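Residue numbers (this note's numbering), protein chains in the order written: chain A, 1 to 288; chain B, 1 to 288; chain C, 1 to 288; chain D, 1 to 288; chain E, 1 to 288.
It is possible that part of the hints are untrue.
Said to hold, decoys possible - Pairwise CB distance ranges, derived in the manner of DEER restraints:
1) D:VAL27 with C:VAL27: 44 to 52 Å
2) C:GLU135 with A:VAL99: 36 to 44 Å
3) A:ILE17 with E:MET57: 20 to 28 Å
4) A:ILE17 with E:LYS68: 33 to 41 Å
5) D:VAL27 with B:LEU60: 49 to 57 Å
6) D:SER22 with A:MET224: 55 to 63 Å
7) B:LEU71 with C:SER239: 32 to 40 Å
Said to hold, decoys possible - Listing some non-contacts, in silico: residues in chain C with all C-beta distances to chain B over 10 Å:
8) ILE37
9) PHE44
10) LYS72
11) GLU91
12) PRO127
13) ILE141
To be verified - Counterexamples of contact, computed for chain B against chain C with all Cβ distances above 12 Å:
14) ILE7
15) ILE17
16) GLN29
17) GLU83
18) ASP87
19) GLU91
20) PRO127
21) MET174
22) LEU235
FYI, nobody ran anything at the bench for these hints, they're computed from the structure. Everything numeric in this text was worked out from a predicted model, so none of it was measured. Heads up, the beta-carbon is just placed ideally off N, CA and C, and yes, glycines get one too.
Take a look at the letters that make up each chain.
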Amino acid sequence: MNLTFIIGFIAAFVLVIYGMVSGGTSVSQVMSSFIDIPSVFITFGGAFSATVMSVPMKDLKDIPKHMKILLKKEKVDINQYIEVIVDLAKEARLKGLLVLEEKIKTMDLKDDFLEYCTMLIVDAIEPSKVRAQIENEIDCIEMRHARAWNVYDKLGSFGPAFGMLGTLIGLINMLANMDTSGGSDALGKGMAVALVTTFYGSVLVNMVCAPVSNRLKAKHEEEMIVKELIMEGVLSIQSGENPKYIKEKLNSYLTYQERQASSENDGSATEKKKGSSKRGRKSQVNNA
Amino acid sequence: MNLTFIIGFIAAFVLVIYGMVSGGTSVSQVMSSFIDIPSVFITFGGAFSATVMSVPMKDLKDIPKHMKILLKKEKVDINQYIEVIVDLAKEARLKGLLVLEEKIKTMDLKDDFLEYCTMLIVDAIEPSKVRAQIENEIDCIEMRHARAWNVYDKLGSFGPAFGMLGTLIGLINMLANMDTSGGSDALGKGMAVALVTTFYGSVLVNMVCAPVSNRLKAKHEEEMIVKELIMEGVLSIQSGENPKYIKEKLNSYLTYQERQASSENDGSATEKKKGSSKRGRKSQVNNA
Amino acid sequence: MNLTFIIGFIAAFVLVIYGMVSGGTSVSQVMSSFIDIPSVFITFGGAFSATVMSVPMKDLKDIPKHMKILLKKEKVDINQYIEVIVDLAKEARLKGLLVLEEKIKTMDLKDDFLEYCTMLIVDAIEPSKVRAQIENEIDCIEMRHARAWNVYDKLGSFGPAFGMLGTLIGLINMLANMDTSGGSDALGKGMAVALVTTFYGSVLVNMVCAPVSNRLKAKHEEEMIVKELIMEGVLSIQSGENPKYIKEKLNSYLTYQERQASSENDGSATEKKKGSSKRGRKSQVNNA
Amino acid sequence: MNLTFIIGFIAAFVLVIYGMVSGGTSVSQVMSSFIDIPSVFITFGGAFSATVMSVPMKDLKDIPKHMKILLKKEKVDINQYIEVIVDLAKEARLKGLLVLEEKIKTMDLKDDFLEYCTMLIVDAIEPSKVRAQIENEIDCIEMRHARAWNVYDKLGSFGPAFGMLGTLIGLINMLANMDTSGGSDALGKGMAVALVTTFYGSVLVNMVCAPVSNRLKAKHEEEMIVKELIMEGVLSIQSGENPKYIKEKLNSYLTYQERQASSENDGSATEKKKGSSKRGRKSQVNNA
Amino acid sequence: MNLTFIIGFIAAFVLVIYGMVSGGTSVSQVMSSFIDIPSVFITFGGAFSATVMSVPMKDLKDIPKHMKILLKKEKVDINQYIEVIVDLAKEARLKGLLVLEEKIKTMDLKDDFLEYCTMLIVDAIEPSKVRAQIENEIDCIEMRHARAWNVYDKLGSFGPAFGMLGTLIGLINMLANMDTSGGSDALGKGMAVALVTTFYGSVLVNMVCAPVSNRLKAKHEEEMIVKELIMEGVLSIQSGENPKYIKEKLNSYLTYQERQASSENDGSATEKKKGSSKRGRKSQVNNA
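Just chain A, same shape as in the assembly:
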């Protein structure tokens, strides 16, 4: 479970409700001030309708899938990927590329993209074509991912827009009926109702759409780093590079702390050149 997302979500709602209650006279009164059915329809219904117009049905159907991705604790361990690729590189050096087909199926780490890339080099396709094909695969994934957050960006832009539309409707109705309404108290209540749609629109974008879109983008970026790392690693394996050199190369994808941790996990068993390991440890000590 992606706890931080859920905790953030609950915290935001609790804080806003606390604010609503602390400023009102009683809970029931607050409920009646902030819950207004026509406002719900105009703001949420209107924003959703405009999003349905804007976005292909197919993308809307994926909303449950997006939620699953968001809530899944998908801690990406880049170190593990580097280990795996270095292992594959060692195998390939000893026994040839063909043995990777077997190896990739028996590994602990299940990653379809890694498998896909490895099979390309097993199939002995020429290096430049392998790169082109993996890059195209990554581009296509990127395009599909972008469609995911596009839904929330659109909903998040229509939310406040329909909120304002609702407030305008409320204001016009209130102002046009000023003579028939009962004085300034009724005027205040009318204004309050008019503002509820703006409130809903603001809640929709700031507590749902923007955070979801931001987090999907953040997840996407993490995933893309792994994909790029896999591509570089697999292409290095194909060109028969030294596993130790491959490891150093892929270390660029780690921060200094992660590199150090990785080196320590290696323990004393690996026959590393002193200088090189020290270098790995220290490099980028001052890069965030």
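Following the hints, position chains B, C, D and E against chain A.
This is chains B, C, D and E only, laid out in the frame that chain A set:
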């Protein structure tokens, strides 16, 4: 028919009208509050006039065409295109490129861009020139499409601008005549009328222009994926690549589910390498 | 004359004035409400002063030239350019590149850029240098054009800014003098005057600057397409390509309808390969 | 002196002050309405403090230098640069590249960048390295220039932000003390004071920061064109191109009028090919 | 210590507090007007919760590290780096690349990135691979740095959003309870409380988030220049270029003043060619 667009459009209008009626005292009163002829002229007329100034006539004349494109149910079946290209590749391998001219005309799938690209390789133009020409064709299509949504983007930015202009006019008139107007009730009515133009502007952008522009862009992106797929496929045919390899290459344009579906449709008849088909099935299981 | 621009401009002004008059009590009263000399100075004067500070004098001096460009009916007929280039290609094939120098001067179509490009190949400069030089020429034109709409973009951003500044000045003066002013009627009038500058700023950007800037950009884009077409055509002539093939290549710059029209104009006289002409006719039938 | 900048600056201030005075009852009253010491501290002080936080000290120290650049009348005469480069090309053709070292020091035109570039070819560095080094030099200049206007962009964005902050502080204080304040007159005065900070923020951005930033960018662009022209010219000299051809090439950086003027200044003395000069004169007659 | 950042921060707070106190009747009254616990929870709590939803936990954990980076006086002396690289180049010319491993460890300047790059050329990896690997390293650093300021950008966009949300809640509560509240004084107090959240949101973005994000970006840019300089220098060393030429090349990263200072520090000891040193001194005299 593109039902989701139409349903979204109707839903948005119904919801907004429901909101208008639910807040007023009577339908006729709501009608009189929200319908104001001079406001219609200022907002819609003004926004349209400014768009006429901004955009070449030619682009405005295409509005009915855009509507037809929007309402057309144009479910793009990428799988079908891959099938067709693989078929063409098989033909070309057996009987040479020239036979494609006949083949392309007798196919079920009618796609002018595919025909255009195929004819280029039938005409035995050299590969780098074919790529350059298809890319130029795609660029030109892209430019023409961009002119389509530009109309709605411009109209959508002038809508609220003229809405605000109208509200300013209303406010200035109202405030300047405060002494001659009949008290706060008249003031309220004046304000209501002034706000109607802002309301119109907001309706224009959020319920018409933005959704239309968004949807045209979404349609364009889908179309561009197909065009790119066709280009890659046709160039692969020209370079005489293995049809099975072409299929794998083009599979990048599919999500995992679509790839799986495509594999199952193939059934047991095709003599596929086990490993390869399984790979196709599983790859990208965790990519949206 | 570019009628749509002028009609749009007049329509926008008529509609706004109609809105002003329809909401007021009398024309003279409306005049006095909306015309305020100090407001004119603050908004238009201020915005123009800030633009003078922002933009080199040279660019401001070109304003009359921009107006001439805007109002000129400059219907670009891409077909005609393609015809001309194909003619030049035929000449060049028969009699060599040198004959183009004569030919270009005796043609109906007078286009300095076409002449410039043709002279480059007549001078027998090597192809890669010709491309580099034409591309540099296009880049320089692009930079100069961008300076044109930059003036209106800047003026259009300072317009509403100085409008708001004027409104702030009006409000502060009004509020500071509340005790000396004569009650709520005077207050209303003060507010009305304060809002006039915001109104002016909004008029400046929405009815002048934004449409002018948009239209200049649209004209620029059309011109760039022609320039690119000329470049591709002239380079094709230099490399001695088949005139028919050049025509097909340049057809990418036309929409389907235009290609069809062009084919029909060719009539039966031209000895075209059936398949090829049909292809030209049908391709892109579903591209806007 | 860059007169237009100074005139624009003075005009904007005079117009705004005229607007302030024309709307008030007396000059002294206007002074007291618009000058409020705490507002000055919050808006200008706050915006400057936030800019100090945002921008390295080094960039702030350059403010006087920026002012000098802004006020310097630095009319760039592109024609003169072309002349000089063509002269250098002629020298180099006759007497070799080494003679340029002497020549460049005795010329009227003093330009360090031109000298820098010329010395690179005098030092007989190979062409591709010369290009790389000049491009790197230009990139570094660009980065340094961007830091200049960044200061004004940041100050210009914090100005209105702190203006609004000040207005919020004023409003909260005023509203919280409504009972102790003396009726609606005092309320009006409180509002007026609150709005003064918004006014200051608007003045800061629209009359100082935005114009300065815009003008620095405009100056930068002009300078970059000259630098690019010098680079192209010097590289052409190194590759031993014909001076006449170099002149034609560099003419791309001129508008049509400037080319014509340049041709006329050449007079009859230069032994130009008729066709070529005419071409130079006419090309781009319709490009702004 | 990065004094300017701290001084700016303190100055901004002092100025805002001065503004708050100067406009109120007494300090205790100001305290009670501007400090409201529920408002704190809604604005800061809400904005932080939404940021927690938007950004991976890992990035939030780095906030103390960002603060340390911000407050660290990290005056980058580009000159020193150039000196060091020129020294390394001289060593390498005399004694070969291998000696650099020892040299780099005994130098005064400790820079992990420089060490990392130097070790790559010591390990005798081929030049094109070295460049690719350093560029990848720089890209990865860039990606990590971008995640740092992304946190503040997100927090800075949610701050005002939740501030407005709080104000809406306050307004709705106030307007809905107009009849039960005690007249216009209570109304004023209610409005004041409602506006406090907007005030908090504005403080959060303008006095914390925006300056922090801006400064992190500025630090990043400075660091990137050094990294690029190191890359160019190390690659020049590997290709065995003349140390003097390397120095001239790297001088592009300095402004004119810095170059001059560097030349003077060299003193008379270095056996420089006259012309070259003079050139170094003068070039770019008119580039900011």
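| query | Against which earlier hints does the structure fall short, listed by number upward? | reply | 1, 2, 7, 21
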